[in-house]
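Engineer: Residue numbers (full-length UniProt numbering), protein chains in the order written: chain A, 1 to 765; chain B, 1 to 230; chain C, 1 to 173.
Worth flagging that the hints you see were computed from the coordinates, not collected in a lab. Among the clues, some could well be false.
[Claimed, not checked] Below are the DSS-like pairs computed for lysine-lysine, each with C-alpha atoms no more than 30 Å apart in a straight line:
(1) A:LYS688 to B:LYS194
(2) B:LYS76 to B:LYS121
(3) A:LYS585 to B:LYS70
(4) A:LYS688 to B:LYS76
(5) C:LYS67 to C:LYS100
(6) C:LYS49 to C:LYS100
(7) B:LYS194 to C:LYS170
(8) C:LYS49 to C:LYS67
(9) A:LYS104 to A:LYS182
(10) A:LYS149 to A:LYS182
(11) B:LYS194 to B:LYS72
(12) A:LYS69 to A:LYS182
[To be verified] Covered stretches of chain C, as calculated for chain B (at least 3 residues, CB under 8 Å):
(13) 44-57
(14) 118-131
As the structure is a computational prediction, the values presented were derived from the model and not from experiment. We put the beta carbon where it would ideally sit given N, CA and C, even for glycine.
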Amino acid sequence: MNGWLRDLAMGLRLSVGGSRSTKTGIARLLMSTVGIGLAVFVLLVAVAAPNMLHARDSRQTGMYPSGEKVAGVAPTKVVMTSTYLRSDRIQELYLQGTGPNSPKPPGVDRLPAVGEVMVSPALADLLAGPDGALFAPRVPGRVVGVIDKSGVVDPGEFVLYAGANLPSADPEDGSMAEEVYKFGFRTTVEASDPRLLTMITVGVVVLLFPVLVLVAVSSRIAGAERDRRLAALRLVGADRRQVNRIAAAESLAGSGTGLVLGIGLFLLFRATIEHLRMIDLGFYTEDVSPPWLAVLLVILAVPALAVGTSLVSLRRTVIEPLGVVRRAPKIKRRLWWRILPPAAGVALILMVGDSSPWGLAAGAVLLLLGIPLLLPWLLDRGLRGFRGGSPSTQLAVRRLQLDTGTATRVVAGLSVVLAGAIAIQGVLAAEAKSFALPEGASLGASVPDLLRINPDEGVAEQAVQLTRGVSGVRDVAITQMFGVQGPQDSYYSVLLVDCADIHRVLAVHSCKDGDAFTPTGGAPEYSGQVAQPVDGTVTGADHEDVPWHVPANVRPAPRLPVDPNDPTSDSYVSLVVTPGAMPAKRPMLYSTVTAQVDPASPDVQDRVRNALAPLQWKVSVSRVSRDRLSDDQASFLVVRNGLLGGSLFTLLLAGVCLLVVALEQMRERRRAIAALSATGVPIRTLAKSILIQTAIPVAAGVLVAVVAGLGLSALVFPLVREPFTIDWGAVGFLSGAAALLIIAVTGLTLPSLRSAARLEALRSE
Amino acid sequence: MGTGIMGDVVLRGQGLRKSFGLTHALEDASLDVVSGEVVAVMGPSGSGKSTLLHCMAGIITPDAGSIAYKDKDLAKMADGERSALRRTEFGFVFQFGQLVPELTCLENVALPLRLGRTARKEAERQATRWLERLEVADVADKRPGEVSGGQGQRVAVARALVTSPSVVFADEPTGALDSLNGELVMRLLVDAAKETGAGVVLVTHEARVAAYSDREVVVRDGRTRQLEPA
Amino acid sequence: MSIPHALLGLLESGPRHGYDLKRAYDERFGHDRPLHYGQVYSTLARLLKNGLVEERGIEPGGGPERKRYAITDAGVTDVDSWLMTPEKPELYLQNTLYTKVVLALLSGRSAADVLDSQRAAHLKTMRELTTRKRNGDLADQLICDHALFHLEADLRWLEVTTARLDELRKQVS
Numbered sequence: 001m002n003g004w005l006r007d008l009a010m011g012l013r014l015s016v017g018g019s020r021s022t023k024t025g026i027a028r029l030l031m032s033t034v035g036i037g038l039a040v041f042v043l044l045v046a047v048a049a050p051n052m053l054h055a056r057d058s059r060q061t062g063m064y065p066s067g068e069k070v071a072g073v074a075p076t077k078v079v080m081t082s083t084y085l086r087s088d089r090i091q092e093l094y095l096q097g098t099g100p101n102s103p104k105p106p107g108v109d110r111l112p113a114v115g116e117v118m119v120s121p122a123l124a125d126l127l128a129g130p131d132g133a134l135f136a137p138r139v140p141g142r143v144v145g146v147i148d149k150s151g152v153v154d155p156g157e158f159v160l161y162a163g164a165n166l167p168s169a170d171p172e173d174g175s176m177a178e179e180v181y182k183f184g185f186r187t188t189v190e191a192s193d194p195r196l197l198t199m200i201t202v203g204v205v206v207l208l209f210p211v212l213v214l215v216a217v218s219s220r221i222a223g224a225e226r227d228r229r230l231a232a233l234r235l236v237g238a239d240r241r242q243v244n245r246i247a248a249a250e251s252l253a254g255s256g257t258g259l260v261l262g263i264g265l266f267l268l269f270r271a272t273i274e275h276l277r278m279i280d281l282g283f284y285t286e287d288v289s290p291p292w293l294a295v296l297l298v299i300l301a302v303p304a305l306a307v308g309t310s311l312v313s314l315r316r317t318v319i320e321p322l323g324v325v326r327r328a329p330k331i332k333r334r335l336w337w338r339i340l341p342p343a344a345g346v347a348l349i350l351m352v353g354d355s356s357p358w359g360l361a362a363g364a365v366l367l368l369l370g371i372p373l374l375l376p377w378l379l380d381r382g383l384r385g386f387r388g389g390s391p392s393t394q395l396a397v398r399r400l401q402l403d404t405g406t407a408t409r410v411v412a413g414l415s416v417v418l419a420g421a422i423a424i425q426g427v428l429a430a431e432a433k434s435f436a437l438p439e440g441a442s443l444g445a446s447v448p449d450l451l452r453i454n455p456d457e458g459v460a461e462q463a464v465q466l467t468r469g470v471s472g473v474r475d476v477a478i479t480q481m482f483g484v485q486g487p488q489d490s491y492y493s494v495l496l497v498d499c500a501d502i503h504r505v506l507a508v509h510s511c512k513d514g515d516a517f518t519p520t521g522g523a524p525e526y527s528g529q530v531a532q533p534v535d536g537t538v539t540g541a542d543h544e545d546v547p548w549h550v551p552a553n554v555r556p557a558p559r560l561p562v563d564p565n566d567p568t569s570d571s572y573v574s575l576v577v578t579p580g581a582m583p584a585k586r587p588m589l590y591s592t593v594t595a596q597v598d599p600a601s602p603d604v605q606d607r608v609r610n611a612l613a614p615l616q617w618k619v620s621v622s623r624v625s626r627d628r629l630s631d632d633q634a635s636f637l638v639v640r641n642g643l644l645g646g647s648l649f650t651l652l653l654a655g656v657c658l659l660v661v662a663l664e665q666m667r668e669r670r671r672a673i674a675a676l677s678a679t680g681v682p683i684r685t686l687a688k689s690i691l692i693q694t695a696i697p698v699a700a701g702v703l704v705a706v707v708a709g710l711g712l713s714a715l716v717f718p719l720v721r722e723p724f725t726i727d728w729g730a731v732g733f734l735s736g737a738a739a740l741l742i743i744a745v746t747g748l749t750l751p752s753l754r755s756a757a758r759l760e761a762l763r764s765e
Numbered sequence: 001m002g003t004g005i006m007g008d009v010v011l012r013g014q015g016l017r018k019s020f021g022l023t024h025a026l027e028d029a030s031l032d033v034v035s036g037e038v039v040a041v042m043g044p045s046g047s048g049k050s051t052l053l054h055c056m057a058g059i060i061t062p063d064a065g066s067i068a069y070k071d072k073d074l075a076k077m078a079d080g081e082r083s084a085l086r087r088t089e090f091g092f093v094f095q096f097g098q099l100v101p102e103l104t105c106l107e108n109v110a111l112p113l114r115l116g117r118t119a120r121k122e123a124e125r126q127a128t129r130w131l132e133r134l135e136v137a138d139v140a141d142k143r144p145g146e147v148s149g150g151q152g153q154r155v156a157v158a159r160a161l162v163t164s165p166s167v168v169f170a171d172e173p174t175g176a177l178d179s180l181n182g183e184l185v186m187r188l189l190v191d192a193a194k195e196t197g198a199g200v201v202l203v204t205h206e207a208r209v210a211a212y213s214d215r216e217v218v219v220r221d222g223r224t225r226q227l228e229p230a
Numbered sequence: 001m002s003i004p005h006a007l008l009g010l011l012e013s014g015p016r017h018g019y020d021l022k023r024a025y026d027e028r029f030g031h032d033r034p035l036h037y038g039q040v041y042s043t044l045a046r047l048l049k050n051g052l053v054e055e056r057g058i059e060p061g062g063g064p065e066r067k068r069y070a071i072t073d074a075g076v077t078d079v080d081s082w083l084m085t086p087e088k089p090e091l092y093l094q095n096t097l098y099t100k101v102v103l104a105l106l107s108g109r110s111a112a113d114v115l116d117s118q119r120a121a122h123l124k125t126m127r128e129l130t131t132r133k134r135n136g137d138l139a140d141q142l143i144c145d146h147a148l149f150h151l152e153a154d155l156r157w158l159e160v161t162t163a164r165l166d167e168l169r170k171q172v173s
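Just chain A, with the same shape it has in the complex (with noise of 0.2 Å):
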């Protein structure tokens, strides 16, 4: 046992001091450290993740407004309704209680009175910053406390509670209040949607394997000069499993310097995650608590895995005291075992994927895994009785048939990546289609040039009153409209227009009031929706139903070449009314006001809404820009970047273990560069091999990648009822972005190929 500690001791100083005086040395260090402190990292924050989702989950149902009545508690009339400020969004809540008992929304003891308000500690400081001035308008009253934690769901976003008096909640009659008789609610975890789980599930795994590649790999690195170090060892007599001992304490080192960084990363990542927003969540820091034991086991498991792959890199070596022998005879790679993960999860999916989402899952990953495991093969297959080509290919074949090891193992990570990524990407694409995404969207912020207005009923004459004051409103509109129930559910509506606008509309020679029309040729964003005008009934101002019949005199009109922003080309509009076809008994209006801003002139958008603060709760002003992106859209975008940048920066890792690979090859070839080159060989053609060499089970990994991942989600897309769709943009910027790394890696060696080839190394000892 002491033997055992001074073994390892000696190899914790060999990893420390043996090569310091080395780049190699510390760039050993350093890469193992990094690996090692990333994958820490990541793992730490899975393990996290369960109970940062559980607590931020309580906090939002703790805020749901539950309408179910329970005795001898009077409701609190609630409004919620929400604004911006610029581009951020502020959730507002007015209540009322109706008693002395009236349930209190969380992170406040009391409910507000009229003229109080509650703001989150964001929005405190929010009023008390630069930008405090541009929303005081909007305040309805006197701000009397913060709410609490536990009201807020994400640390930074902006929450206000405001007392009111609020009309009675009728839910029949369409008024904005609802009765509350209790916040919060507990409910059991919705079955999970099986498209999200595998998307989950993948993700994580493609998270996690190339964390473990990057583990693996970097104690391999500088894995020669360790194994002469080890060599050197053995001729002062150490034996083998001393040797293996102290190989095991050199790569955990790497592992302590790595825990200590990935710890430090995950600390920090605890302390600032309050300023973080992820896609669309945030987290408090206390949120951030993983279990204790799974922390242990992270804090054991990484390590372990180091020392475990670094001594099965140690068994294909045999170290002598002269040096070390590579077991020549390599083993023949089988497939029959190989082919069985990827096999069972084929299965798994077919079989039970419908049934069960975590089937789904299981199936994706065993069929991730196979990756790994088939690729070796595929180039071993691929490479074998490979003896012709010109003489760069023959060079990078060769060397890639006397060590694929590495080369592959960096890759089957990379391709992991790609393959989650591209299958990802697949169902991604296919809800692009259902978000109809606007050719070339962006997540850039975009300059409203409209403002909708959705006035209440009875405001609407003053909120145009309230609009047409602000400067940098340059005209405002409304819009009148009411729905058609016709027979068999179907729907329709109809716009009510002046003949004086009609010309906004339509492209109508004559209109006289009492006409009707039906627009031809369609919008272009709806076309084949609009349904035709029948009979039917309609809402009327007073609750009851009207019967609607359609005028008589209607007739076709063409619509007019739209603007996308007017607000009349978005709506199912199949009939175009003047107030003289109205039926006797008035119909309950929607009112849209409109208002064209000046996009330059700045805050237009806030002194709007600051101009409508009077009307509280009962308007709400949403933004059309150009290139609008609902919420969905914004945070679909936000997943496929994620997506893309994580593919990108698990291709970069790939490409820093590629690197190393070959930096580590060229410095053991020095010799027979210089000399090859000393022989007249031009570097082109040395350059050459190198870029076939990485680029051969670079484009292997990719091409397994886009198979299996094309595949992956060829098998999961009947089960959420998507048709198959190919993301070929995807796949092409992954596959471009690879062929770049390629011509990275091969760039980033010449210098140490050109010094390589000049005669120093020729130069005896």
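Based on these hints, arrange chains B and C on the given structure of chain A.
Structural biologist: What follows is chains B and C alone, placed relative to chain A:
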């Protein structure tokens, strides 16, 4: 100066001068390489023998002096031209580590021909012939790491001679070998060179190796000195 | 080279005539200098006197050349002890070359030239030996190698001395 009875001067270096930083590796060195003749370049370590060889072979450019290969001045050639010359007209044998470790011995020998666009089959046929000539045909399919030092050097000699070069540069070709293997390599190298009519520049510090030469040039402090037997 | 011991050694494989003995000797060791008959017989006479060899059956016709000689037990012991006694390593402290170099230095002549011409001569001999070695059989090779290694050692001395001539000049003057 000993043009000797052998043949014509194929490579003539005159008044060569080369410094690396403050070190004057060559001060005033001259060397004639005659076809079919082995010239030994001797001298203490650091005297500039390897630099002389590298200059003569066009691996490095001298600061002054001329190197004429069949009436062309190497110093005036572009790098690419010199590379091509080295590939086609010169052969090289170094002390060790010159074989590409992942290619088989046969492929190593065939490599220079393949770089000269000879078809693989033909290149390997010629390579096999040279391996046989150097009595190492049995290791053709082995990788350099799997053969002995002497065998490896003989493979290297085969690689140097496979293009039928006019000049073979051998820089301490036996330096890493024991006497017996060293002498075997020398015997085969000299015989093969004589047979093909190649001139050999043999840099060595071992007199017994130099004894395989026809003529000796001593380099001292960057200057050459032709010794004439009394 | 000790001729008596060489002859004794040759007799160990069996009795021989003096003439055979000379032929056997010349074949194996006599490349540089074949033995004279007289040398053989005088040596054998001395060995006979010392009891290291004995005569075995004189064939008819008489004359020394008809005698067969055989080694005695004492002779075998003598060969034994000769083989096992190492040769005294010879130290050439008063080597002629050293004398020449010092004299050249003292007289202001070029000692380097003295060394170089010696060097050229050495290498010339080495070349001849190498050529002979390459064309000869194993025995030739071994003998030539022996000479070559000695010459190489001399040559190294020449090299080292050339490198240290300046130092030497200071000391002798």
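Engineer: Is LYS149 (chain A) within 30 Å of LYS182 (chain A), Cα to Cα?
Structural biologist: holds (19 Å)
Engineer: Please verify whether LYS585 (chain A) and LYS70 (chain B) have alpha carbons no more than 30 Å apart.
Structural biologist: violated (113 Å)
Engineer: For a C-alpha distance cap of 30 Å, please report whether LYS49 (chain C) and LYS67 (chain C) respect it.
Structural biologist: holds (15 Å)
Engineer: Taken at face value, is the distance from the CA of LYS194 (chain B) to the CA of LYS688 (chain A) at most 30 Å?
Structural biologist: violated (37 Å)
Engineer: Hint check: LYS67 (chain C) vs LYS100 (chain C), CA-CA at most 30 Å. Holds or violated?
Structural biologist: violated (51 Å)
Engineer: With a Cβ-Cβ cutoff of 8 Å, does the region 44-57 of chain C contain at least three residues near chain B?
Structural biologist: violated (count 0)
Engineer: Taken at face value, is the distance from the CA of LYS182 (chain A) to the CA of LYS104 (chain A) at most 30 Å?
Structural biologist: holds (8 Å)
Engineer: Between the alpha carbons of LYS194 (chain B) and LYS72 (chain B), is the straight-line distance 30 Å or under?
Structural biologist: Distance of about 24 Å is within 30 Å: holds.
Engineer: Would the hint linking LYS194 (chain B) and LYS170 (chain C) be met if the CA-CA limit is 30 Å?
Structural biologist: violated (47 Å)
Engineer: Can you confirm whether the C-alpha distance between LYS49 (chain C) and LYS100 (chain C) stays at or below 30 Å?
Structural biologist: Not OK: LYS49 (chain C) and LYS100 (chain C) at ~45 Å, beyond 30 Å, violated.
Engineer: Residue count check for the region 118-131 of chain C against chain B: does it reach three with CB-CB under 8 Å?
Structural biologist: holds (count 10)
Engineer: Given the hint that LYS69 (chain A) pairs with LYS182 (chain A), does the C-alpha gap stay at or below 30 Å?
Structural biologist: holds (9 Å)
In summary, the structure is inconsistent with hints 1, 2, 3, 5, 6, 7 and 13 from the numbered list given earlier, while agreeing with the others.
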